[in-house]
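Asker: Sequence:
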Amino acid sequence: VKKPRDIIVAIRDIKAVEKEIVEKPPKEISKLLKLEEKYPERFAKEEIKEFKKFITEEEKEFLKVEAEYPAKIIKEEVEELKPLATPAQIKKVHAIASGKALISDKGKMKPQYRELAITFTDHKSIKDMTKEEAEVFIDVIDRLPEPKYRAGKLVPPSIPRTMKLVPEGFFKKKYGEPTPVWLLTDQTYYATKLGIKPLVEPFEKGKQEFDLEFRQSSNLVDRMVNKLNKIAKTSMGDRIKSKVKNVPTKAESNMAELVNKYEATPPGLKPKEE
Numbered sequence: 001v002k003k004p005r006d007i008i009v010a011i012r013d014i015k016a017v018e019k020e021i022v023e024k025p026p027k028e029i030s031k032l033l034k035l036e037e038k039y040p041e042r043f044a045k046e047e048i049k050e051f052k053k054f055i056t057e058e059e060k061e062f063l064k065v066e067a068e069y070p071a072k073i074i075k076e077e078v079e080e081l082k083p084l085a086t087p088a089q090i091k092k093v094h095a096i097a098s099g100k101a102l103i104s105d106k107g108k109m110k111p112q113y114r115e116l117a118i119t120f121t122d123h124k125s126i127k128d129m130t131k132e133e134a135e136v137f138i139d140v141i142d143r144l145p146e147p148k149y150r151a152g153k154l155v156p157p158s159i160p161r162t163m164k165l166v167p168e169g170f171f172k173k174k175y176g177e178p179t180p181v182w183l184l185t186d187q188t189y190y191a192t193k194l195g196i197k198p199l200v201e202p203f204e205k206g207k208q209e210f211d212l213e214f215r216q217s218s219n220l221v222d223r224m225v226n227k228l229n230k231i232a233k234t235s236m237g238d239r240i241k242s243k244v245k246n247v248p249t250k251a252e253s254n255m256a257e258l259v260n261k262y263e264a265t266p267p268g269l270k271p272k273e274e
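Read in order, the letters of the sequence shown correspond to residues 1 to 274 in full-length UniProt numbering.
Be aware that one or more of the hints could be misleading.
[As the list claims (entries may be wrong)] The calculated BS3-like cross-link candidates involving lysine-lysine, where the alpha carbons are at most 25 Å apart (straight line), are: (1) Lys106 - Lys153; (2) Lys91 - Lys148; (3) Lys270 - Lys230; (4) Lys110 - Lys174.
None of these hints come from the bench; they were simulated from the model.
Sequences are here, hints too, so could you generate the full structure?
Answerer: Spelled out as structure tokens, the structure:
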């Protein structure tokens, strides 16, 4: 059984008035407060008796439940008084979630969205969240990585299944101190010797992958440039000069200008240039 909102508001207003009276009590009330302080039990009984005259059956039932589960009732009252998420917050969440591919084409929330919402706010929908919870949720989804295209479809970022970030005892590990010997030693071997191999291994792999991709793209560019110079019949002397001076040949400059100026193939090009 829940206490009606108007009763909760009334209690809040009464407490505010009581506070004002206690801080600046009139003479008569001041005397009454002194008597109440002197004979608390008597005043308490009279107040309860007076209160019972006006109590409804619904409120009586509530008082029984409140006596049995006080913590639960207080929590429900507090939650009831908290303002829910504003329309602006709801709109912002939907905009961010859409950008992160957390909303389907039909406008339904994906499992990743609901999982995040329950984890951080205990609510599946933004409409059930309080203003504070909505702010937390906005921050959470805004920090998610951008979605990626896989097989022509936009895939939302994966949600970690655990909050574990590092293995147990990670920050208690001891590592060796580097010395000038590292200048003459293989980096991979020296990292193993210092005990930091697990830390630097992901960076090593990333660097290797980057170098391979860069080499492939560079080779592709070189092949296209050579092909372009052949089509334009650029002499070997001009090619050598451009390499020595580190400047593009005439054919390369013309093609760069066309690429920067047009998105589609412009008219007037030779079939091979197209």
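Asker: Confirm or reject each hint.
Answerer: Against the structure, the hints come out as follows:
1. Taking the CA atoms of lysine 106 and lysine 153, the gap is about 15 Å. The hint holds against a cut of 25 Å.
2. Note on lysine 91 and lysine 148: the hinted pairing holds, with a Cα-Cα distance of about 23 Å set against a maximum of 25 Å.
3. Straight-line distance between C-alpha atoms of lysine 270 and lysine 230 comes to about 13 Å, which keeps the hinted pair within the 25 Å bound.
4. Restraint check: the Cα-Cα separation between lysine 110 and lysine 174 comes to about 44 Å, which exceeds 25 Å; the hinted pair is violated.
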